[in-house]
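Undergrad: These are the residues of each chain, in order.
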Amino acid sequence: MNILIIVLMAMLTENFVLSKFLGICPFLGVSRRISTALGMSMAVLFVMLVASLLTYAIHIHILLPLDVSYLQTIVFILVIASTVQLTEMAIQKLSPGLYDALGIFLPLITTNCAVLGIAVLNVDRGYHLLEVLFFALGAAAGFGLALLLFAGLRETMETADIPKSFQGAAIALVTAGILSLAFMGFSGLAPTS
Amino acid sequence: MTSMLIAISVLCGIGLAMALLLAVGKRAFAVEVDPRFEQLMDVIPGANCGGCGLPGCSGYASALLAGTAAPDACPPGGAELTMEIGRILGMEVTVREPEVALVRCAGGNSESPIRARYDGIDDCRAAHALAGGFKSCTHGCLGLGSCIAACTFNAIERTANGLVRIDPERCTGCRNCIAACPRHIIAMVPKKEVVHVLCINPDKAKDVKAVCTVGCTGCKICGKQSPRMVFDGALARVSTDANDPLDPSVALSCPQGSIYDAREYRLSDWLSSADTRKHFEERAAAWKEAEKARKAGARKEKPPKKDDDQPASSQQEVTP
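So the sequence lines, in the order shown, correspond to chains W and G.
Taking the numbering used here, I'd label the letters of the first sequence as residues 1 to 193.
Taking the numbering used here, I'd label the letters of the second sequence as residues 1001 to 1320.
It should be emphasised that the hints constitute simulated quantities derived from the structure, not laboratory data.
Note that beta-carbon positions come from the ideal geometry of N, C-alpha and C, so glycine has one too.
Please note that the accuracy of each hint is not assured.
As the list claims (entries may be wrong) - Pulled a few chain W residues facing chain G out of the computed Cβ check, cut under 8 Å:
| no. | residue |
| --- | --- |
| 1 | Ile58 |
| 2 | Ile74 |
| 3 | Ile77 |
| 4 | Leu78 |
| 5 | Ala90 |
| 6 | Gln92 |
| 7 | Lys93 |
Claimed, not checked - If we take Cβ atoms under 7 Å as the criterion, some of the chain W residues that face chain G in the derived model are:
| no. | residue |
| --- | --- |
| 8 | Leu66 |
| 9 | Leu71 |
| 10 | Ser82 |
| 11 | Gln85 |
| 12 | Leu86 |
| 13 | Met89 |
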């Protein structure tokens, strides 16, 4: 039950992009096509899972016993950066098309605050291993959901008759705002925190 | 002390572990990249100026490998880079004549007076949009430096007289400044060319003279000196179809003094120094006397060609 709540919360009420405003850069950057948005979501899912498990393990087994949890941020960044590098190599090998489509945004996951955010939140909230796993899954699913919804909207908007002054980034940001407002509606789902 | 050592060793340990992981990953996911790509990236300047029209230097390298970009498309790299690319790709290359950007306006504040005070933002495009700018000549350089901001190579500077000049030694020919100039004053010229018409005002003589003392009036006197002086309406320009630089004595024939001679004068002096102007006028007067004498002599007999004090055959280095 607790697990289900964590997943739903991470995905909807605490959606990383639309409620916590983390990871906005890829959200705006790679949401032009549904296919690339899907690829980005998968990459983020992988990085989030690996990074939260790794950072969790490092926090429990290295940082806490040695009493150096103040190194949290720099160590987490180190781990995340390496994980992203690994993901980049893997994607370049396994799917060159996706690699080209993601372009600069793939290395930018390194500085994607959603990934660092999840690592820090895991630790701050004192989740145990299973909760960490599902929190990461839920958050990545939420990221993917937001990205896909937004990409769908943007693909539809391409055929829409948008006033000239609103075209491009302007209408994208307005849409993102409205989408975020819509996600506020999920806050009713949340157990009182 | 201990806690510091612990912190350091924790960071180093994790860093090392991650490095190992990446090293293993690099092996496991090794991708066949064309080794020439790395070689190309090593020789391409890496300024990411966009002069080739492709997104950055890596985009240019990829396009070279794909065969969609020409080996001489990189202006900052110049002939040297073209040769290098030809060597790496194993292809025949033709080296392009190096070009530099030139600000074709010599009408500073003393030649083309300011007709209105401009208090707007420090940008030529804004000033130009406002009733054609604050300068008498609506074609001349406003000198607010939109081109300076566009130049990634620090090759452009303001002169004391309210103009800008481009240092041909620093200019790489990326053309970013050409796009930035709202008046289209900047143009590419062959780097070896030493004579330039520093005016783009296409108006009739009377109108040009009304707004600037050094504007080209289209009198076509220079056209009689050299067939390489061509005219677009009432505006002279040096044609670019010849291999050798134009004889600089053409500059002396210009009654307006709008033709600049890079062998004789520094461009910055030409644009802002009254002494240079005076010197030029004296030389031009002397040259005209000599021409007159030569023509008078030609009626009686055929004299040897009267040489200017700057021999036409000298091929010395261009030092603007």
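Undergrad: Evaluate each hint against the coordinates.
TA: Against the structure, the hints come out as follows:
Contact between Ile58(W) and chain G, as hinted, is supported at the beta carbon level, the nearest pair being about 7 Å apart and thus within 8 Å. Interface restraint check: Ile74(W) against chain G, minimum CB-CB distance 7 Å, threshold 8 Å, status holds. For Ile77(W), the interface hint is violated, since its Cβ never comes within 8 Å of a Cβ in chain G; the closest pair sits about 11 Å apart. For Leu78(W), the shortest C-beta to C-beta distance to chain G is roughly 6 Å, which falls under 8 Å, so the interface hint holds.
Checking Ala90(W) against chain G by beta carbon gives a least distance of about 5 Å; that is within 8 Å, so the hint holds. The beta carbon of Gln92(W) is positioned within 8 Å of a beta carbon in chain G (closest approach about 5 Å), and the interface hint is therefore held. Hint on Lys93(W) holds. Least Cβ distance to chain G is approximately 4 Å, under the 8 Å limit. The criterion of a C-beta within 7 Å of any C-beta in chain G is met by Leu66(W), whose closest approach is roughly 5 Å, and the hint holds.
With 7 Å as the threshold, the beta carbon of Leu71(W) comes within range of chain G, its nearest partner Cβ sitting at about 6 Å, so the hint holds. At its closest, the beta carbon of Ser82(W) sits 4 Å from a beta carbon of chain G; the interface hint therefore holds under the 7 Å criterion. A hinted interface residue such as Gln85(W) counts as satisfied when its beta carbon comes closer than 7 Å to some beta carbon of chain G; here the least separation is about 6 Å, so the hint holds. Interface restraint check for Leu86(W): the shortest CB-CB distance to chain G comes to about 5 Å, inside 7 Å, so the restraint holds.
For Met89(W), the interface hint holds, since its Cβ comes within 7 Å of a Cβ in chain G; the closest pair sits about 4 Å apart.
In this structure, the one hint that does not hold is number 3.
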